[in-house]
Amino acid sequence: MSSGSHHRYSAHRNLRGINFICHAPGAQSVSLVGDFNAWDPAAHPMQRSPGGGWLLHVELRHGHHRYAFLVDGHLTLDPQAQGVTRNDHNERVSLMSVS
Amino acid sequence: MVGAMKNVRPPARRATAKRARPKTPPQGAGRIHPVVVYPFQHPTDLVHVQELYRLVGQLAEAPETYARPITVMDRKTHHAMRQNRDFCRFREQVVAASSDLLEAWCVDTCQMWYCGLGAAFERGTDGDVYWLIPGDFNYGSPVGREVIGRLHDLPEICAELGQDLCIGEIATDHNNPKQLIDTYGTFALLYNWFPAEAQEIREYTERPRSEFFALRHEFLAELLHQRWFAYEQTVVALLHAIAGRKHISRFFVGQISDLPEGREGFSSAMQQVERTERVLKTLWRERHDQRPGWQDDYRRLEARSEQVRRAALGVLENLLP
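Top to bottom, those sequences are chains V and S.
When we follow the working numbering, the leftmost residue of the first sequence carries the number 1, and every step to the right adds one.
When we follow the working numbering, the leftmost residue of the second sequence carries the number 1001, and every step to the right adds one.
Do not rely on the hints blindly, as some may be mistaken.
To be verified - The following label-pair restraints were derived from C-beta to C-beta distances:
1) R1310(S) to N37(V): 45 to 55 Å
2) N14(V) to H1225(S): 37 to 47 Å
3) P1195(S) to S29(V): 31 to 41 Å
What the hints contain is simulated information worked out from the structure, not anything from laboratory work.
The beta-carbon is built from N, C-alpha and C at its ideal position, and this holds for glycine as well.
Please model the complete structure; the sequences and the hints are all you need to start from.
Below, the structure is given as structure tokens:
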């Protein structure tokens, strides 16, 4: 996960672009799930890149978000995450701050 | 515990650096109570505490979000430095101007936490969050300034995500003395006395003795009304949180080191490992001494604990000066 373009001083100042990267070369499908999409596997499918990574750019509002990658249906922590916590199903998930 | 609160309002609003300004929590969230633990040894180079109190000044200027910060200062620090003009000036013009100064005679750092968190708790209410900020770190360094800019995430995570405890984790290399103590001492002893809880704690953090944390009013109420130890209280808080199925988070705050106080050598490591063992033993007994036959289990664990401690100290003696 890395921060992308800043929108802090634009009309969308409460949103910020975040680039998510999941390294899963053998996976058939990867999606991003989190509080921001109600943990819906279909909401944010990630795009496969040539190097085996899966990429996605998402605009998230300022604040703290719980999220994870769904790699072929398996909830997977982001090794680059800023933190770790649990979701409402008591599963370990990643934690990030958007500011 | 002897404490006295000094309520001195800031004489004027100071200019603040925008980069470290915390975010405004969501509407309807409780207030955040910052509790600063002043360094036991007043630093010779003021740059680190100056940077810290720049943050504290900002917090004091946002009363809609933050309760007035509290600074806990050990009276021994005050007595040792009372002839030092720079210290007295800093104490009056910066510390007491931006926070309520709580001076107390304290056995150890965790008692300073107890004083400060207890005083803040008495001002707080359900939904509030308490934010412990240790003073003895190198906040004046470039990485320290980055950390200062991230610390506010800890209480905000509690407030926004409904977490009971958020532990701040600092990055250290595997050979850092604190990391060595935790790897060979703290965790080894935890695995002996509280194996299930230890495994869960390690799923969250490699630094179960972190001095950076925030916690919610309801969880602090539980902690304050149980035995409070003079040291290794973060380990105790984690054990209570795991046992009580609390919501726990860990958040990376950066790469920072504490100011030199002679805590990096083997003698200090030995003291820290022995303290951890003492705390875990006491806690185990408190949890099990109503159970018939607990004494046999205790003796077995104690015998193994001695082996664990000896092994840990053997490793640490090999590696630390």
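Each hint tested on the structure:
Checked against the hint of 45 to 55 Å, the C-beta distance between R1310(S) and N37(V) comes to roughly 52 Å, which is consistent with it. For the hinted restraint 37 to 47 Å between N14(V) and H1225(S), the CB-CB distance of approximately 40 Å keeps it satisfied. In this structure the hint that P1195(S) and S29(V) lie 31 to 41 Å apart at CB holds, the actual value being about 38 Å.
Of the hints listed earlier, there is not a single one the structure fails to meet.
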